[in-house]
Amino acid sequence: MFYTIDILGTIAFAISGVLVAISKKMDLFGVLIIAFVTAVGGGTLRDLLIGNTPVSWMKDITFTYVILGSAVFAILFKSKINYLRTSLFLFDTIGLYTLVGIEKGINADLHPIICIALGTITASFGGVIRDILCNEIPVIFRKEIYATACILGGVTYFLLSELPIKDDFVFIIAGVVVIIIRLLAVKFKIALPTIYSNTKEVN
Amino acid sequence: MFYTIDILGTIAFAISGVLVAISKKMDLFGVLIIAFVTAVGGGTLRDLLIGNTPVSWMKDITFTYVILGSAVFAILFKSKINYLRTSLFLFDTIGLYTLVGIEKGINADLHPIICIALGTITASFGGVIRDILCNEIPVIFRKEIYATACILGGVTYFLLSELPIKDDFVFIIAGVVVIIIRLLAVKFKIALPTIYSNTKEVN
Amino acid sequence: MFYTIDILGTIAFAISGVLVAISKKMDLFGVLIIAFVTAVGGGTLRDLLIGNTPVSWMKDITFTYVILGSAVFAILFKSKINYLRTSLFLFDTIGLYTLVGIEKGINADLHPIICIALGTITASFGGVIRDILCNEIPVIFRKEIYATACILGGVTYFLLSELPIKDDFVFIIAGVVVIIIRLLAVKFKIALPTIYSNTKEVN
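Each protein sequence line maps, in turn, to chains A, B and C. Count the first sequence with the UniProt record's numbering and you get residues 1 to 203, in order. Count the second sequence with the UniProt record's numbering and you get residues 1 to 203, in order. Count the third sequence with the UniProt record's numbering and you get residues 1 to 203, in order.
The reader is advised that the hints may include incorrect statements.
Because identical chains cannot be distinguished in the list, a pair is counted as satisfied if it fits within a single copy or across any two copies.
[Stated by the list, open to error] Simulated pairs of lysine to aspartate or glutamate, EDC-like, Cα-Cα distance not exceeding 16 angstroms:
id, residue 1, residue 2
1, 24, 60
2, 59, 109
3, 25, 136
4, 24, 136
5, 59, 162
6, 25, 60
7, 24, 168
8, 80, 168
9, 187, 162
Please keep in mind that the hints were generated in silico from the structure rather than gathered at the bench. In this text, all values refer to a predicted model and were calculated from it rather than measured experimentally.
Excised from the complex, chain A in its bound form (with noise of 0.2 angstroms):
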């Protein structure tokens, strides 16, 4: 199950890499190693943190051809993905990737807190790296309430695993919780205020 969410938010991290990257002009070799970055930053970070080198995408080569068939892929079909793109469900998987830093971190015995800071590294770590690649302030440090979600949903694992709850539910309950909150800020286009809010937008 970890590994399915793995690969689901490899491809989606991937697509997102590209479309940034090809909004900044970058050449081919740019977009790829954007769409790279993007996919396996957030684990790659994880991984860093707690020792577990050599890194995971570098044990399991599938991640590569995952990463380099979806950049493929976005690059051939870039115009269709940037209009399907509100829609497509696959952009919500990557919140679950936070349960898989989690369980990470579950592993490597540490503090729960510790863990949903893992878990929200995993999931989020890699748009930033993308975003500063990029030369932009990270959008997530700005106006995404995904980080939140993340944390929302690590907080909910830990919750329910002091009830007599099986694990398997806690899981798909706290993966739910993610996927919900996600959808309902991006409908609502609820966000964390500024700390100035009534300033105008910077660039």
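Since the structure of chain A is provided, determine the placement of chains B and C on it from the hints.
Here is chains B and C on its own, set in the frame of chain A:
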């Protein structure tokens, strides 16, 4: 003693992260993340480079609480802090981080020069990554004497270690050197020359 | 032989870092740090990803001396170097870094494709992090054939390894491939297509 410095430095760095993030109009999550990254960034890079994983802040939840507490405090009292900023001695303790890094380098049997580099990384990388995430050229590369103070403190540490002086004194003197150089530099606006000092400042 | 390449590449990268940092009006410390990071960045990321810690430059002080020496040299003779830049063969040796990275990947028992990725990271990440620290979109993502040369050199290496050719020859031929592709690309201004090549260049 190292632990006290670590906690004080963590508070100072977290607050500085909050102030920069607010000036960039980030949302609440962005502000907290920048606070966190600024506070743990230097120590994390140091731990990764020497292979001390899971990295320090993951093994001691105290740092997470200290950072969140400092960040909330800074958000609530941001205008007062900005006003007090230049007179707060707290901010000058962060140079002492250098000594924490040097200690770790010595424990890992590294060359003194590498230890000083590690110390400087510990004390300055948090600010560097804060500026990168905020899409700025790191301020430390442009007009601060801060890193130079760290390096000179480190050199002092190793020179005094050769003399028959008790370890604790060596440590205290090196720490005082870091702080005094920093204070003098701020007071007299001393800065390293830019290579082309006759051209106008870029923004 | 790997060691000689490492030293030559370190010199070339350090000098390139100095030139970019000066053009950004950094102070002396900033220039030295950018030189250092550009020179060791690729190898450091490679070492972190495969778990080879403390990272290479920390275990061999020679690199630090070489970088500081090269940086001071570049600062003193910056105008001459800028003039000679296009004709300096030295800068073309850095593609050979790829082979150093591939070797490390093979020693860590990784898949050939991952080894090529490691090689390309070794050869190109220093430049990427230099550009990020200088607040630029990495030049490698926009108009250089450099990384492609590294990848093709890596592919050559693995293809020839299958044939009954002595290891040394395989190495030399792959290295020549990297250098020739790079030189041809520079001479004939070959670049990978951007995905939207009909739009005007962004700054």
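Q | Numbers of unmet hints, in rising order | A | Structure breaks hints 1, 5, 6, 7, 8, 9.
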